[in-house]
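*Asks:* Now for the letters of each chain:
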Amino acid sequence: MALDVLIVDDSAAIRKILQRVLRQSDLPVGAIVEAGDGVEALAALKQHKVGLILSDINMPNMDGLQLLSTVRADDTWKNVPILMITTEGSQNKVLEAVNLGASGYVRKPFTAEQIKEKLVGLV
Amino acid sequence: MEAIQHEKVAELIKRATSDVFGTMLGLEVSVADTKLSAESSNNGGGGLVALIGFAGPWVGTGSFSCSPSMACRVADALLGTEHAAVEEDVLDAIAEMTNMILGNVKTELEEIIGPMLLSVPTVIFGRNFSTRSSMRQNWTVVTFEHGGETIEVKVCLTSNVDQKEARPGFKMGYSLHV
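If you're matching them up, the sequences are chains A and B in order. Here the numbering used here is used: position 59 in the first sequence is 59, and no number is missing along the way. Position in the second sequence (first residue = 1) + 123 = the numbering used here.
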């Protein structure tokens, strides 16, 4: 069964890179939906039933940690795996993301292999 | 609060830039020059300049600059598609490179000076322009080489706590604290 994925990042470049990584992975990826911040992501979640979310942390309007918290508090989406992919590498941010329910954490810069390894463990 | 040494900032810039180029682009950059410069203006000729702001107990600016041809080369490697001229994808790629390089510098600096915030990067592209910062501090400037092209990454930081004015004309109360 195809896995629909939501990519949330304010950088169009990173969204393109992650699309490519997903398409080149062995995962049965279906539709890939993109959002530029947490607000757009929540709107997209209401339109699409996704099985995986890849999200940045530092974004305008609603950041990745607020998105994570909102998703985990909602019965419809609370079990969707969320992989945080971000430049934020401080221990505090990692712990905050884990405490809020992040399924995994990858720090930028990343290799395609690092993302693929994390995804295999999550899906 | 510990002062930040120019040599430490230069070391962090070198490490972050090499790491981001190597990991994300598969390109090797070599350090051509490291200096402390009072001159805050940027080239004056043209090309691409990306600027990003730091806020917190220390405030300042980071910048990444290169030629249009180097920017296209960066975008080609980052996005896996060819770019003959500077267009939206190239600007996005340079913005993200700036975010990753200076974001990693920020993360390392946070271990010394505490939490900081990073702004969204702004990319400027054109001919015959200059950029100028009103900060009075020196810039740590590191020049890298790749394939006959140069890339300049620089950072200017000043304490927001020890000084009465973080920026000329702005008292501490107007600056962001986290």
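Hints in this document: simulated from the structure, not taken from any laboratory. In this text, a Cβ means the ideal position worked out from N, Cα and C, and glycines have one as well. You may find that some hints are simply not true.
Now the in silico label distances, taken between C-beta atoms and shown as ranges [what the hints assert, rightly or not]:
1. H48/A - R259/B: 23 to 33 Å
2. G101/A - R255/B: 22 to 32 Å
3. G101/A - S192/B: 43 to 53 Å
4. R259/B - N61/A: 26 to 36 Å
Some but not every residue of chain A turned toward chain B, in silico, with C-beta under 10 Å [said to hold, decoys possible]:
5. D10
6. S11
7. A12
8. I17
9. P60
10. Q66
11. T86
12. E88
13. S90
14. K93
15. F110
16. Q114
17. E117
18. G121
The following residues of chain A were derived to be distant from chain B, with all beta-carbon distances above 12 Å [what the hints assert, rightly or not]:
19. G30
20. K46
21. D56
22. A73
23. D75
24. W77
*Asks:* With respect to the beta-carbon atoms only, verify the hint that H48/A and R259/B lie 23 to 33 Å apart.
*Replies:* violated, 51 Å
*Asks:* Can we confirm that no CB of chain B comes within 12 Å of the CB of D75/A?
*Replies:* The assertion about D75/A holds, with a minimum of 33 Å to chain B.
*Asks:* Using Cβ atoms only, decide whether A12/A comes closer than 10 Å to chain B, and label the hint accordingly.
*Replies:* holds, 5 Å
*Asks:* Would the stated hint for Q114/A survive a check requiring a Cβ distance to chain B of less than 10 Å?
*Replies:* holds, 9 Å
*Asks:* Checking hints one by one. Is K93/A an interface residue toward chain B, by the C-beta closer than 10 Å rule?
*Replies:* It holds, given that the least Cβ distance between K93/A and chain B is near 9 Å, below 10 Å.
*Asks:* Once the shortest beta carbon distance from D10/A to chain B is found, is it less than 10 Å?
*Replies:* Hint on D10/A: holds, closest Cβ of chain B at ~7 Å, below 10 Å.
*Asks:* If you take the shortest Cβ to Cβ gap from F110/A to chain B, is it below 10 Å?
*Replies:* Nearest chain B Cβ about 7 Å off; hint holds.
*Asks:* Measuring from the C-beta of E88/A to each C-beta in chain B, is the shortest one below 10 Å?
*Replies:* Hint holds; E88/A Cβ to chain B Cβ min 7 Å, cut 10 Å.
*Asks:* Between G101/A and R255/B, is the Cβ distance one that fits in 22 to 32 Å?
*Replies:* violated, 45 Å
*Asks:* Would the least Cβ to Cβ distance between K46/A and chain B come out above 12 Å?
*Replies:* holds, 26 Å
*Asks:* Does the interface hint hold: is E117/A within less than 10 Å of chain B, judged Cβ to Cβ?
*Replies:* Violated - the Cβ of E117/A stays beyond 10 Å from chain B, reaching only about 14 Å at its closest.
*Asks:* For R259/B and N61/A, compare the CB-CB distance with the range 26 to 36 Å and indicate the outcome.
*Replies:* holds, 34 Å
Comparing the model with each earlier hint shows violations of hints 1, 2, 10, 17, 18, 21; every other hint is respected.
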